[in-house]
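Q: Chains as they are written, first to last, in this note's numbering: chain A, 1 to 333; chain B, 1 to 328.
Note that these hints are calculated values from the structure, not bench results.
In this text, all values refer to a predicted model and were calculated from it rather than measured experimentally.
Honestly, I wouldn't trust all of these hints.
Stated by the list, open to error - The following label-pair restraints were derived from C-beta to C-beta distances: (1) A:286 / B:182: 45 to 53 Å; (2) A:130 / B:30: 49 to 57 Å; (3) A:257 / B:139: 51 to 59 Å; (4) B:192 / A:318: 56 to 64 Å; (5) A:198 / B:166: 34 to 42 Å; (6) A:306 / B:316: 52 to 60 Å.
Cβ atoms here follow ideal geometry from the backbone N, Cα and C, with glycine treated the same way.
Each chain, written out:
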Amino acid sequence: MSPAATGTITYREACRQAIRDALLADPQAFLMGEDVGRYGGCYAVTKGLLDEFGEDRIRDTPLSESAFVGAGIGAALAGLHPIVEIMTVNFSLLALDQIVNNAATIPHMSGGQFAVPLVIRIATGGGRRVAAQHSHSLEGWYAHIPGLRVLAPAVVEDARYMLAAALADPNPVLIFEHVMLYNMEGALDPSVNAVDIARAKIRRAGSNVSLIAYGNGLIKALAAAELLSAEGIAAEVVDLRVLRPLDTATILASVAKTRRVVIVDEGWKSGSLSAEIGVRIAEEGFFDLDAPLRRVCGREVPMPYAAHLEDAALPQPADIAAAARGLVRPGRT
Amino acid sequence: MSAKIHLDRTHLHHLLRQMIRIRHFEMKCVELYQAQKIVGFLHLYDGEEAVSVGVIEALTPEDAIVGTYREHGQALARGIAMDRLMAEMMGKLEGCCRGRGGSMHIFDRAKRFYGGNAIVGGGLPLAVGVALADKRRGLNAVTACFFGDGAVDEGEFHESLNLASLWQLPVLFVCENNLYSMGMALERAEAETDVSRKAASYRIPAVVVDGMDVVAVEAAARRAVEQIRSGGGPQFLECRTYRFRAHSMYDAELYRTKQEVEAWRKKGPIARFRNWLQESGLIHQEEVQRIETEVDTEIAAAVAFAEAGTLEPVEELERFVTMEGVPP
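In isolation and in its complexed conformation, chain A is listed as follows (with noise of 0.2 Å):
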């Protein structure tokens, strides 16, 4: 929450004045999670909105992540609208039963009886020094579930106003916080007050590769995009932003465009998101490329914690500009 330079706003900052907003526009909407309340959030998201809204809408829970989500599944199929905080990923995972189990089934299983209009946060990614059990990028294993909406918000702008769509979805909404966007800083479009949850978008435009991507990648891919354009090739850089359902058009619409495809995921190559990109560019877009499809994913480890060992597990502008740069000019890289 430090005041960012003029006319910009943190990714933090935006976190907490989108949970801000969605409370004082709608009754029906509390926060629940870990130290989300006296403690201000484990990423200082939620400070001072205890004050403001008091323990009935701020809700300090037990370290109880399947009581609490399975709670806000109960509450939101009983007319509420929760947002409830999972301080990390990887503890997401104890909560994993409700998610998959309930939020994503009942709705179906219940021949349309019920909607569960729940929004989780959880936070998600690698990059802090903090090892294998808080580190991982598992937001593909929930894009696999039907019945959730995945969202991964890697610029202000969304993270500013991503929550108030999401608490519009009459469906459960997870919406992935990179951990290293929350000191991000960004300008905010005072013309912007909404955005939409379905769309993927073009964030830099080009014509020689596209580079899709999401979260802290997008902003490792407009990195390296900065780097080939310095080459002569124009990176066209597309952000996933909805991980859940895919917007397949926008991602063809760029290969159809550029021609080559470097995807780049922090999660792991094997069985990930990543792989269901490609498999649906090779389905539904095979003749439009002039180059095999390459992927830039975190390497296949648990996150180690020594800083040398975790940059080189993860993915770098470098070897995104590598990879495009292959394609591109094969035989030059």
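Model the placement of chain B on the given structure of chain A, informed by the hints.
A: Just chain B now, kept in the frame of chain A:
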């Protein structure tokens, strides 16, 4: 709704009828299962009828229920229409969940019946949430949450009891302790076999009741519900009962003796209650027969309704995976 149980003939006959409805409905389900008109898993409530009948008598229509996968009894006692329940069992569009849920996943929004939950222990957090919503919305409603002794093994049991107690939520936890979680005997699964002590450790008032005695269950449930409504936070009812039949239709019952089952059958909730009523002059044999005949007529009508039901068009397979809106 009074905390006192009305021991007049009408009410006692109603209790008997409700238990017979459940028993006979399930006997018909077994027939239909053997005829392969009901498929998948079929978990019978045979022997445990007094629990849901007694507890649900203590509730009003504004209260909520979270059931288990052995929930035919809970559903019928709640007043979910038998014909729609049977149609669900047979996978028909006219079923309460359009045939998507089947035996283990009965839902009925109008009856505030939140499943039909087939992950053991998974319903407890839901019940905490429903109760939280009701409390926040200012409803003086109780959420009755049914689960078996197997759920006591699960972390969700402990997390949910703690949360409900911590937040003083209006939940009536009802443990249908039938001594076995599938084939695992309680004393082989739990270091502390007194389930009510676990509830007490979360500062939830806990009562152990003879789950084979419908009047005792109703009386205990009424007292618990009254406490909850007066703002006393959650209550816990451990109903000691027994499952007369196999866990499901696939179970060879290698884990218990025939003698044990027979000994419990003698304590069966329906025979025992009916005999008591007859010996006390509160019901005549002809009245019992009339109830049975009427119940069998209701079941025959439910079967006919289900048989005549249609199949959901395959084109609708993906409908409701995501919802267009929150149902009113």
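Q: Is it true that the C-beta distance of residue 286 of chain A to residue 182 of chain B lies inside 45 to 53 Å, as the hint says?
A: holds, 49 Å
Q: Go ahead and decide if the range 51 to 59 Å is satisfied by the Cβ distance of residue 257 of chain A to residue 139 of chain B.
A: holds, 55 Å
Q: CB of residue 306 of chain A to CB of residue 316 of chain B, is that within 52 to 60 Å?
A: holds, 54 Å
Q: Determine whether the Cβ-Cβ distance between residue 198 of chain A and residue 166 of chain B falls within the hinted range of 34 to 42 Å.
A: holds, 39 Å
Q: May I ask you to test the hint 56 to 64 Å on the CB atoms belonging to residue 192 of chain B and residue 318 of chain A?
A: holds, 58 Å
Q: 49 to 57 Å was suggested as the range; check whether the CB atoms of residue 130 of chain A and residue 30 of chain B agree with it.
A: holds, 55 Å
In terms of the numbered hints stated before, the structure departs from none.
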